[in-house]
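Engineer: Here is what each chain is made of, one letter per residue.
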Amino acid sequence: AQSVTQLGSHVSVSEGALVLLRCNYSSSVPPYLFWYVQYPNQGLQLLLKYTSAATLVKGINGFEAEFKKSETSFHLTKPSAHMSDAAEYFCAVSEGGATNKLIFGTGTLLAVQP
Amino acid sequence: GAGVSQSPSNKVTEKGKDVELRCDPISGHTALYWYRQSLGQGLEFLIYFQGNSAPDKSGLPSDRFSAERTGGSVSTLTIQRTQQEDSAVYLCASSPTGWGTYEQYFGPGTRLTVT
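Respectively, the protein sequence lines represent chains A and B. The numbering used here puts the first sequence at residues 1 to 114. The numbering used here puts the second sequence at residues 1 to 115.
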């Protein structure tokens, strides 16, 4: 069965500092991987996705993630945090195929300190 | 263009009552998903529609939960005899198709509170 583990339910960084949110996956087949962001009282917005093309994926708002098969990881990074990045971030995995349902991690709440 | 919309945005109901939650997907999207977001369980898949058919209902937690989709568009999630553990945010998502790598577009959710 597929699963996703996000290390760190809460991460706090200073404005301008590096953001690193960790995600490890377990999948029996080559996975499709996604990072979503959720702002308070809103739905989920896609940041980026990995679909077996380039291993370094660039997304919106300056975020990127690198797929590392040997480490079964898909960590999300941003070189310089902005106050507006404060939100909850979810990593998700899908086998694709006929259903493409998403299995989500437990989320990481990012706080950005001035 | 218009995104996924859900109604109501908030619903408070008494234990034992039935509730209906509505989802309007993005026009033309054939795939539609329901997820539930709760403090204890995180984000969980409930059901997947392709057109009006539901080939994957594996996430529905009990037979009190049902869903339908009509005209390949609007979907309704019904919870009968609500329980306090049903309190959660119910999210709907749509996708151009259920196949492959297409991303899912999420609505703002319906926050259900069972008192």
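Any given hint could turn out to be false.
[As the list claims (entries may be wrong)] Capping the alpha-carbon separation at 16 Å, the derived lysine to aspartate or glutamate pairs in EDC-like fashion look like this:
hint: 1; chain 1: B; residue 1: Lys17; chain 2: B; residue 2: Asp63
hint: 2; chain 1: A; residue 1: Lys68; chain 2: A; residue 2: Glu88
hint: 3; chain 1: A; residue 1: Lys69; chain 2: A; residue 2: Glu88
hint: 4; chain 1: A; residue 1: Lys58; chain 2: B; residue 2: Glu103
hint: 5; chain 1: B; residue 1: Lys11; chain 2: B; residue 2: Glu85
hint: 6; chain 1: A; residue 1: Lys49; chain 2: B; residue 2: Asp63
Because the hints were derived from the structure by calculation, they are not lab data.
Engineer: Taking each numbered hint in turn, which are not upheld by the structure, reported in ascending numerical order?
Structural biologist: Numbers 2, 3 and 6, in rising order.
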